[in-house]
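Novice: Listed below, chain by chain, are the residues.
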Amino acid sequence: MSETVILSMKGISKAFGGLKALMDVSFDVFQGEIYGIIGPNGSGKTTLINCITGFIKPDKGHVFFRGDEITKWPAYKIAQTGITRTFQIMRPYYSLPAYKNLIIPLWSPRAKKLGGWRGGGRHGDRDTVAVDILEEIGFERDSRVPYKLASTLPTGYQKRLELARCMALRPDVIFCDEVFSGLSMSEIAGMVPLIEKLKMEGVTLIMVEHRLRELFRVADRVMALNFGEKIAEGYYKEVIEDKRVREAYLGSEEV
Amino acid sequence: MKRKERIDRGLKVRTEGHYAISSLEEIGYLVGPRLLLILGVLLLPIILELAPYWKRVVNIMCVYAVLALAFDFLANYVGLVCLGGALFIGVGGYLAAIFNVYLSMPFWLSIPLATISGAFLCTLLILPCLPLRGVYFAIVTLMYPILISRIIEAFNILGGTNGISGVDSLPGEYVEEYTIIIVMLVALFAMRRLVNQDMGLVLRAVKDNDQSVRASGINVTHMKSIAVFIASLMGCFGGAYLAHLYMWAGLSLFALDFSIIPIAAVVMGGGGTLVGAVIGCFILVPLSEFLRFFGTFRIVIYCALLTGFIVFKSEGIMVYATRKYHQFERWVKV
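As given, the protein sequences belong to chains A and B, one line each in that order. The opening position of the first sequence corresponds to residue 1 in this note's numbering, with each subsequent residue numbered one higher. The opening position of the second sequence corresponds to residue 1 in this note's numbering, with each subsequent residue numbered one higher.
Next comes chain A alone, as it looks inside the complex:
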């Protein structure tokens, strides 16, 4: 982890009608760190991700990526600069086999530029790269799993597929929207090394999580949101000992 700021959010606000989903949220993320975002249900975590990655436009505020303003850029353009995301509700391409799911990010201009392979040869070099990425993320190459339709995969694999879709873009920043939720303990145990490996490779991760124990194992810093406001930020022990955080969220829970 270095001290260069890769992503900087300044005063992001978003209201849906009368509901203020986000109020003046500012934070910086350093290159190569794992930054956790926690908060009770409806505190604006996913809205924050949507605002930063361009899926909805913030009412106010600015997002800077490596010093360049990317506020209100279209989502695909933000993804092309290297900021990608997973979806809380998994969105694989159900009608395609798992490995063909990765052809889409591999076909994008960013992957074409960064990828070392020759684009779309007769025998589909992208297919090879796709299977490689899937193997890296835990789909056994020789099993039938990578070749099955995405709709027939179990949840754990679909979550991995979401992450694989991000990895195929060779991103600088990945927003993980609850990658651990809905997984069994053993599936989470399989996911954590993947997250750590991505960090080792220098990818900055921003993780929205409800599974705090698993998050605190990997996160360098944590921010807490409540009703669209940032209430605490820092090392996880500081955050969970913060009085406002306890009141808002952890209250009775023992961590």
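Everything labelled a hint here was simulated from the structure, so no lab data went into it. One thing to keep in mind: the hints can contain errors.
[Stated by the list, open to error] Derived EDC-like pairs (lysine to aspartate or glutamate); straight-line CA-CA distance at most 20 angstroms:
{"id": "1", "chain 1": "A", "residue 1": "Lys57", "chain 2": "B", "residue 2": "Asp210"}
{"id": "2", "chain 1": "A", "residue 1": "Lys199", "chain 2": "A", "residue 2": "Glu3"}
{"id": "3", "chain 1": "A", "residue 1": "Lys148", "chain 2": "B", "residue 2": "Glu26"}
{"id": "4", "chain 1": "A", "residue 1": "Lys10", "chain 2": "A", "residue 2": "Asp68"}
{"id": "5", "chain 1": "A", "residue 1": "Lys112", "chain 2": "B", "residue 2": "Asp198"}
{"id": "6", "chain 1": "A", "residue 1": "Lys148", "chain 2": "B", "residue 2": "Asp168"}
{"id": "7", "chain 1": "A", "residue 1": "Lys237", "chain 2": "A", "residue 2": "Asp28"}
{"id": "8", "chain 1": "A", "residue 1": "Lys148", "chain 2": "B", "residue 2": "Asp208"}
{"id": "9", "chain 1": "A", "residue 1": "Lys237", "chain 2": "A", "residue 2": "Glu33"}
{"id": "10", "chain 1": "A", "residue 1": "Lys77", "chain 2": "A", "residue 2": "Glu3"}
{"id": "11", "chain 1": "A", "residue 1": "Lys148", "chain 2": "B", "residue 2": "Glu329"}
{"id": "12", "chain 1": "B", "residue 1": "Lys313", "chain 2": "B", "residue 2": "Glu289"}
{"id": "13", "chain 1": "A", "residue 1": "Lys72", "chain 2": "B", "residue 2": "Glu5"}
{"id": "14", "chain 1": "A", "residue 1": "Lys77", "chain 2": "B", "residue 2": "Glu329"}
[Unchecked claim] Covered by chain B, according to a simulated footprint, are these stretches of chain A (three or more residues, beta-carbon under 8 angstroms):
{"id": "15", "segment": "90-99"}
{"id": "16", "segment": "182-193"}
[To be verified] From chain A, some residues computed to sit far from chain B (all C-beta separations above 10 angstroms):
{"id": "17", "residue": "Phe27"}
{"id": "18", "residue": "Gly32"}
{"id": "19", "residue": "Glu69"}
{"id": "20", "residue": "Asp132"}
{"id": "21", "residue": "Leu169"}
{"id": "22", "residue": "Leu212"}
{"id": "23", "residue": "Gly234"}
Note that the structure is predicted; figures quoted are calculated from it, not measured. Just so you know, even glycine gets a beta-carbon here, dropped at the ideal spot from N, CA and C.
Got chain A; can you put chain B on it based on the hints?
Specialist: Quick look at chain B alone, frame taken from chain A:
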């Protein structure tokens, strides 16, 4: 209790991989259906020397087949239910007539030029509605042909209600027939290839989940407009061809038939199979011609047949036939 079980035929399993083909039987199994279609369609004009009236029907049938291909591609692979078949035909037809009559270009220039410029024009028209989805997109594309034909009528431009007459005919019956047959076959196999290429996969992904495509750094509107361009390329060719076939371009090129019959054909043939669209047209168009004998009653028979198909065999002929070809069924005790 008994239950029906479906099992892949041994022949299918053997011919599936890259390594399989080792006997004439296996080659025949793979190539047979394709060859049957290609040769059958290519021989059609020669066979129909016996019944010359039906030659014209074959031409129109092929135009509808191209349109149905475009519809199937957009609806089942890109997720755009486009009822703009009449728009494509009309724009292509009028442009070909303009190029041929007003600018006196020969047919071999006016048809390709009308195809390409028409496709650009149609894509440009549809571009603003691309963010729409589902039934909203369908409605807008359905309105366009009506809109344009009313404009032509109201302002009395481009020949008004009389249309543009005096378009050159194509030289010779065989040129007429084989132009559209070959274009139809090329379009069919090109589309089949395209949807399995990497670009085709991206288009299919747009149908499955456009948010995910966006998060993968791909401009969804751009991809959709490429798909519309490809589809309108096929449709506009059909229109340009029809203008030269009828030696006339008029308001009937914007008729709703061109939007509706392809849909019926796709439903009948099996959505998402591409070949199904062609087969559906090969049944529906001659049928409606055949039913002319019954006068206005033909619509009743036509509708009853279609309803029957949708209710009892909604999967479509092609899906059903493929299953029968590849698998056999047997009853097993449970």
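Novice: To test your reading of the hints: which numbers does this structure violate?
Specialist: 3, 6, 10, 11, 12, 13, 14, 16 and 21
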